[in-house]
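Student: Chains F and X are the protein sequences, given in the same order.
Per my numbering, the first sequence runs over residues 1 to 302.
Per my numbering, the second sequence runs over residues 1 to 607.
Because the hints were derived from the structure by calculation, they are not lab data.
Just so you know, these numbers come straight off a predicted model, no measurement behind them.
Please note: incorrect hints may appear among the correct ones.
Stated by the list, open to error - Pairs of lysine-lysine, DSS-like flavour, derived with a Cα cap of 30 Å:
| # | chain 1 | residue 1 | chain 2 | residue 2 |
| --- | --- | --- | --- | --- |
| 1 | X | LYS455 | F | LYS29 |
| 2 | X | LYS413 | F | LYS203 |
| 3 | F | LYS29 | F | LYS158 |
| 4 | X | LYS486 | F | LYS192 |
| 5 | X | LYS473 | F | LYS203 |
| 6 | X | LYS189 | X | LYS82 |
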Amino acid sequence: MSSPEATPDLLAVITPAEHRPPQWLLTIKEAWGMGRTKAGVAIFVCIVALALLGPLLAPHSPTSFVAASFAGPSAKAWLGTDYIGHDVLSRVLWGGRTVISLALAATVIGLLLGVGLGMISGYARRWLDETVMRILDIVLAFPSIVLALLFVSIVGPKLWLIVLIVGISHAPRIARVTRAATVEIAQRDFIKAAEALGVTRRKILAFEILPNITSPLLVEFGLRLTYSIGIIAGMSFLGFGLQPPAADWGLMINENRIGISVQPWPVAVPVILIAILTIGTNLIADGMGRALIGIERDTGGK
Amino acid sequence: MSELTEAPISEHSVVGTEVVLTVSDLRIVLDPSGIDIDDEVTLAIHQGEVLGLVGESASGKTTAATSLLAHQRRGAKIAEGKIIIDGTDVLVAAHADLRHIRGGLISYVPQDASASLNPALRIGTQLMEILEAHSFGASKAEREARLSEMMAEVLLPGDRTFLRRYPHQLSGGQQQRVAIAMALANRPKVIVFDEPTTALDVTTQAHVLTTIRALTRSYGVSALYVTHDLAVVANLADRIAVMYAGRLVEIGPKGELFAGAFHPYTRKLLAAIPDISGTHALRGIPGWAPRPGQRVTGCAFTPRCDMAQERCGIEYPPYDGSGPDHQVRCWRWEEVRAQPRANDVLLRERAEALCAEPEVIGVRDVLAYYQRKEALHGITASLCEHRCLALVGESGSGKTTLARCIAGLHPFKIEGAIELRGKPLERDARSRSVAERQAIQYIFQSPYSSLNPRKTIRQILAQPLHLFFSLSKSETEDRAIAVLEKVALDSSLMGRYPDQLSGGERQRIAIARALAAEPSVLICDEVTSWLDVSVQAAIIELLTKLQAEVGVSMLFVTHNLALVHSISQEVAVMNEGAIVEYGLVEEVLGDPKAEYTKKLLADTPTI
């Protein structure tokens, strides 16, 4: 029955912090101590900077014709030209914004939906939990690309639709993580204490449970962002994203794949950038995940 | 449990003069920081003797005990000292020899038997493994003979069907006895018991203790029995060693120690132990035991000791005492010895008759379900103003279910009526009126789980104040400080988070939160079971004082019958979802009518 009493943490006693940073910030702090997170952040910042500032640096308009199609690198067009003679470098510099912003938007939508449903289902339990989770299981059964293709073929290739579909397809996984974290917290006695005092359900969710689960949600956000980038780029590649002549990394890969043997740059550069970007976000998510479960720095050494 | 009727106990101790185990100057440190967990531990155990090693949490008792098997817990290192068992120096033994020493010469019974047995193996297989690992006997037949002998020794049926069971098919007490059988298998000289009954109900605990006692008496095995509960070793041990903050502060024969301890800590610890006869009031020890790294130079008990002098905080006293048999580490032990044993009068008010004053909570024929199963079968009870009713029972008796039904926290169906001052209450706390929710406040078992780790004490205390009173910000602050004072905590804690407080302090915060609502009923659900004895006593003292001063009625749920006397006027003994006996504490404990109460009383360890 009895179990050992823990005395307070020594450091905590010495430095009583009046304003303790929220849980997710602590996870970021802990994650920042790891090499992988720093590398991930460096990569992410570089690519995002490239995508945001790129249009200012671009030597040409992404839609102006500078040379013959599939021309090799030259002084005028450093990376050569694409299938109809646009400057590849300029199109690369212009084409990152959409992927990154759409991926972010989709992830935020997925997070809002998933966290909401997951918390409700984890706290309510019983029939509501069962219903919500089974519906999400059904959504989960469709691969997000297939789901997106289905809706795009009905409604047409609209950007908002792709963002929404990708967001919705993330919701079940985020909801599961949220639900698991919520169930764990909801079993603690301080939730029962709040219930006995008559605190409303909404307030219990927002002020008792949510502050205790922000760290796993942050990790999940990073992970889902990685997937979003891949899916959004994939949708563009399939021709459901931005339409030509707009500049977009995914679209560029599709447009220029026929010429890959003569002029590889318009395909290779976007592919490499997308790959590096996902590696970057994945490293960040991984660092935060490790911080969350408390794996020591880099697992190397002790 | 009926398989254990009478253990063959010879009344006379068979403690031999031969020393089986000696530990000298054992020092165990945290690796790599070098902070000491244990230091200067010196003791000896004679053949057939049971030495009780008693200490509160973080006293280093388990680390010291497991080091006897040359085991170093993760992050700990045996830095100095000598451990000699039956002529073998354990700490210098080669790795290959250690395999023989562990289990052969000295064995270990862990705290949680259910976790120490392999859930995938039949118990017969597991027991056989031990014998095979130590190549016991010459043939399989010999090992099988030993196996059934072992089962008889720990009073378990040794038939094939029993041996073919898996651990989960056994009761907690049976699992613990299998673990003891494993420890006993190769007839070791010494067995280390690490709180083997802490997770068990009192009845089961009593059976396991009887088994251990019988084994040491009949087979001359020596034992080191580690526990936080002095009452458990009171009947079992021959000698008792008391640890505090990693050092042995007193070691001596049981009788001498209980009659007149030499160390102020031992004295205070004894005063903090609830006594079933209820002759003395519980006295807590202020503060908490320091963890490794928090310890002062000199005697670590200095900050909590009312006899401390300047010297105590500077220099650690050497071993001293009335002889080699009774050693103590205190500069002023002779003065302590001369003091008469404290005998405080009970703090709580006495009651002449059952529930005479107006009834606050009435429970009428309550049937409660857990899922679809009936968990409470027609409970009728009442709690009156200024009274404390104790609900006592073992785990699964339904005592917490009843408490939660009253608090509106039972998530399943309830039949019958629960009334607050004659008005029936809704099942769910949310469906009750604000005034009703305010009137009944619940204090939870674990202070580690009942406070939101993301909130400061200020925010925690403000919650009930916001919900039940319309107060300005400064009024809220003043009220919060006032309740903190009521639970004897300093207002400087307001900005702290729960994990910056000790368990005892956290439980006080939980009590303060309940008091902030200015309730008429406090429901205390096993509020001390997560705390050390000295802290438990302080919490009981506080609750008793509050009941008298604030005038709340209290429902005190506990598994510990010994606590009942210290706090309540009335007691309801529960078993399997029903009240088996109900009456004034003096009557029920003094002259129990129900068989179950009698059994519970007999099984509760006492000094």
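Student: Take the hints in turn and mark each one as holding or not.
Tutor: Status of each hint after checking the structure:
A threshold of 30 Å between alpha carbons decides the hint, and for LYS455(X) with LYS29(F) the separation of about 20 Å falls inside it, so the pair holds. Restraint check for LYS413(X) and LYS203(F): the C-alpha separation of about 26 Å stays at or below 30 Å, so the hint holds. Taking the CA atoms of LYS29(F) and LYS158(F), the gap is near 39 Å; set against the 30 Å cutoff, the hint is violated. For the proposed pair LYS486(X) and LYS192(F), the alpha carbon gap of about 24 Å is at most 30 Å, so the pair holds.
A distance of roughly 20 Å separates the Cα atoms of LYS473(X) and LYS203(F); the hinted pair therefore holds under the 30 Å criterion. For the suggested pair LYS189(X) and LYS82(X), the alpha carbons sit about 17 Å apart, so the restraint of at most 30 Å is met.
Hint 3 alone, counting from the list given before, is not met by this structure.
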